[in-house]
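S.K.: Below are the chains, spelled out letter by letter.
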Amino acid sequence: MSKKYAVRNIRLCTKDCICLYVCPTGATDTEDSIIDVSKCIGCEDCFKACPSGAISMVPHVYPVQQEKEDYVINVLNNLMRSKSKQENIASGIDGRLAKAIEKSNRIMAEDLIREAGFLLPQSENTIKLLNELLKENKSNDYLKDKIEELLKLIK
Amino acid sequence: MNKYICSVCGFVYDEKLGSPDYGVNPNTKWEDLPNDWVCPWCAAPKSDFYKEETNKKEDKQLEVEEIKFEGKLNSLELSVLFSNLSRGFEKSYKPKEQKLCFEISEYYKEISNKIDGTLEDLLKLIEDDLDNAYPNAMTASKNDRGALRALVWSEKVTKILKSILSRYDEDNIKDNDIYVCSICGFIYIGNDLAKICPVCKVSNWKFEKIGVR
Chain R
0 MSKKYAVRNI RLCTKDCICL YVCPTGATDT EDSIIDVSKC IGCEDCFKAC PSGAISMVPH
60 VYPVQQEKED YVINVLNNLM RSKSKQENIA SGIDGRLAKA IEKSNRIMAE DLIREAGFLL
120 PQSENTIKLL NELLKENKSN DYLKDKIEEL LKLIK
Chain E
0 MNKYICSVCG FVYDEKLGSP DYGVNPNTKW EDLPNDWVCP WCAAPKSDFY KEETNKKEDK
60 QLEVEEIKFE GKLNSLELSV LFSNLSRGFE KSYKPKEQKL CFEISEYYKE ISNKIDGTLE
120 DLLKLIEDDL DNAYPNAMTA SKNDRGALRA LVWSEKVTKI LKSILSRYDE DNIKDNDIYV
180 CSICGFIYIG NDLAKICPVC KVSNWKFEKI GVR
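One line per chain: the protein sequences are R and E, in this order. Residue numbers for the first sequence, in numbering that gives the first Met the number 0: 0 to 154. Residue numbers for the second sequence, in numbering that gives the first Met the number 0: 0 to 212.
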């Protein structure tokens with residue numbers, strides 16, 4: 000298996016040109032515009048030819064996530080907690096302004112927790128957390144099914 | 000020999016060097032400067048100066064290293080974590096994983112305990128973030144560029160939230176559009192959106208217009 004495979008950003012793709020001609024395996028020619036991973040051999044021909052910058056090469060296996068100091072994780076998580084609380088309060092207030100504040104806080108909280116060890120969604124940290132949540136939610140069928148499915152896909 | 004720093008403009012008085020340009024000889028102790036001596040740059044009095052503590056910053060670093068994150072993630076925090084993972088999977092072109100994380104995020108949001116509060120309550124939390132949480136977090140993260148990047152962005156957005164909450168209510172913005180930057184959370188209120196986000200510099204097509212709830 001090649002180390003990398005091609006993916007297409009559908010927003011940038013004009014869906015009518017050169018990757019279809021250069022792909023040696025026909026992986027780029029699909030009805031849903033998603034490049035067929037099982038056919039892609041990672042040759043980069045489409046990536047180099049695309050005039051719209053719509054194709055990226057991504058690795059099958061991502062590198063290990065950068066280590067974070069525990070105290071950095073703690074201060075980031077504390078701020079994330081504050082933003083999450085503010086999102087919660089804003090969600091109960093009427094009006095566009097409160098809605099904007101709710102959204103803004105969600106985005107900040109996401110960014111902070113991302114830097115607190117969850118930058119790569121397929122990281123060890125995520126897998127560890129998913130296994131913990133699975134243990135805690137054995138009797139919650141909805142969550143259990145979703146988490147098991149996610150774990151299967153990540154591994 | 001010590002150094003004294005002007006808290007207004009940052010001028011440094013170094014006892015060893017004195018301030019020859021302004022008539023103070025080298026090796027003049029701080030105590031020996033006349034009481035009516037003022038900062039040569041900004042004219043602040045001696046009382047506005049503080050002594051430079053060579054190891055002060057390290058002490059502070061040690062203190063902030065002791066800050067703990069109490070307990071586990073609550074439901075809404077787990078929702079944040081999973082909506083972040085969903086975005087991450089979207090970026091790495093994993094639509095199935097993206098959808099699963101989104102569904103888990105929505106589930107946790109649904110079951111989270113709602114907190115009642117007003118815009119004034121929000122302002123108090125924002126002020127506490129700006130006065131305490133950010134300075135501590137910045138000190139703790141001084142060697143972590145990724146963390147600093149997130150802190151710099153969200154501190155700027157938090158300052159903007161503070162300014163918005165101090166100026167506006169729903170009535171006086173009724174003729175304005177409201178946008179939120181989907182990358183950093185910056186809020187724009189007005190009818191003349193800039194081409195790029197002033198905080199994270201992303202192109203403005205990443206802004207989301209807020210409709211009525």
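Calculated from the structure, these hints are not laboratory results. All C-beta atoms in this analysis are idealised placements derived from N, C-alpha and C, irrespective of residue type, glycine included. One or more hints might be untrue.
Covered stretches of chain E, as calculated for chain R (at least 3 residues, CB under 8 Å) [to be verified]:
| # | stretch |
| --- | --- |
| 1 | 0–13 |
| 2 | 37–48 |
| 3 | 86–96 |
Subject to a maximum C-alpha distance of 16 Å in a straight line, what follows is the list of computed EDC-like cross-link-like pairs (lysine to aspartate or glutamate) [what the hints assert, rightly or not]:
| # | chain 1 | residue 1 | chain 2 | residue 2 |
| --- | --- | --- | --- | --- |
| 4 | E | Lys95 | R | Asp35 |
| 5 | R | Lys84 | E | Glu64 |
| 6 | E | Lys95 | R | Glu135 |
| 7 | E | Lys173 | R | Glu147 |
| 8 | E | Lys95 | R | Glu147 |
| 9 | R | Lys98 | E | Asp176 |
| 10 | R | Lys67 | E | Asp143 |
| 11 | R | Lys98 | E | Asp143 |
| 12 | R | Lys84 | E | Asp115 |
| 13 | E | Lys98 | R | Asp69 |
| 14 | E | Lys71 | R | Asp31 |
| 15 | E | Lys95 | R | Asp144 |
| 16 | E | Lys141 | R | Asp69 |
| 17 | E | Lys71 | R | Asp44 |
| 18 | E | Lys67 | R | Glu148 |
| 19 | E | Lys71 | R | Asp69 |
| 20 | E | Lys67 | R | Glu147 |
| 21 | R | Lys84 | E | Asp120 |
| 22 | E | Lys141 | R | Glu68 |
| 23 | E | Lys95 | R | Asp31 |
| 24 | R | Lys98 | E | Asp115 |
| 25 | R | Lys84 | E | Glu119 |
| 26 | R | Lys2 | R | Asp44 |
| 27 | E | Lys98 | R | Glu147 |
| 28 | R | Lys143 | E | Asp170 |
| 29 | R | Lys84 | E | Glu126 |
S.K.: Does each hint hold? Answer for all of them.
M.R.: Structure-based check of each hint:
| no. | hint | result |
| --- | --- | --- |
| 1 | 0–13 | violated (count 0) |
| 2 | 37–48 | violated (count 0) |
| 3 | 86–96 | holds (count 9) |
| 4 | E/Lys95 - R/Asp35 | holds, 14 Å |
| 5 | R/Lys84 - E/Glu64 | violated, 23 Å |
| 6 | E/Lys95 - R/Glu135 | violated, 24 Å |
| 7 | E/Lys173 - R/Glu147 | violated, 47 Å |
| 8 | E/Lys95 - R/Glu147 | holds, 13 Å |
| 9 | R/Lys98 - E/Asp176 | holds, 13 Å |
| 10 | R/Lys67 - E/Asp143 | holds, 8 Å |
| 11 | R/Lys98 - E/Asp143 | violated, 32 Å |
| 12 | R/Lys84 - E/Asp115 | holds, 10 Å |
| 13 | E/Lys98 - R/Asp69 | violated, 30 Å |
| 14 | E/Lys71 - R/Asp31 | violated, 41 Å |
| 15 | E/Lys95 - R/Asp144 | holds, 14 Å |
| 16 | E/Lys141 - R/Asp69 | holds, 14 Å |
| 17 | E/Lys71 - R/Asp44 | violated, 47 Å |
| 18 | E/Lys67 - R/Glu148 | violated, 33 Å |
| 19 | E/Lys71 - R/Asp69 | holds, 15 Å |
| 20 | E/Lys67 - R/Glu147 | violated, 31 Å |
| 21 | R/Lys84 - E/Asp120 | holds, 11 Å |
| 22 | E/Lys141 - R/Glu68 | holds, 11 Å |
| 23 | E/Lys95 - R/Asp31 | holds, 14 Å |
| 24 | R/Lys98 - E/Asp115 | holds, 15 Å |
| 25 | R/Lys84 - E/Glu119 | holds, 14 Å |
| 26 | R/Lys2 - R/Asp44 | holds, 15 Å |
| 27 | E/Lys98 - R/Glu147 | holds, 14 Å |
| 28 | R/Lys143 - E/Asp170 | violated, 46 Å |
| 29 | R/Lys84 - E/Glu126 | holds, 14 Å |
The earlier numbered hints that this structure contradicts are 1, 2, 5, 6, 7, 11, 13, 14, 17, 18, 20, 28.
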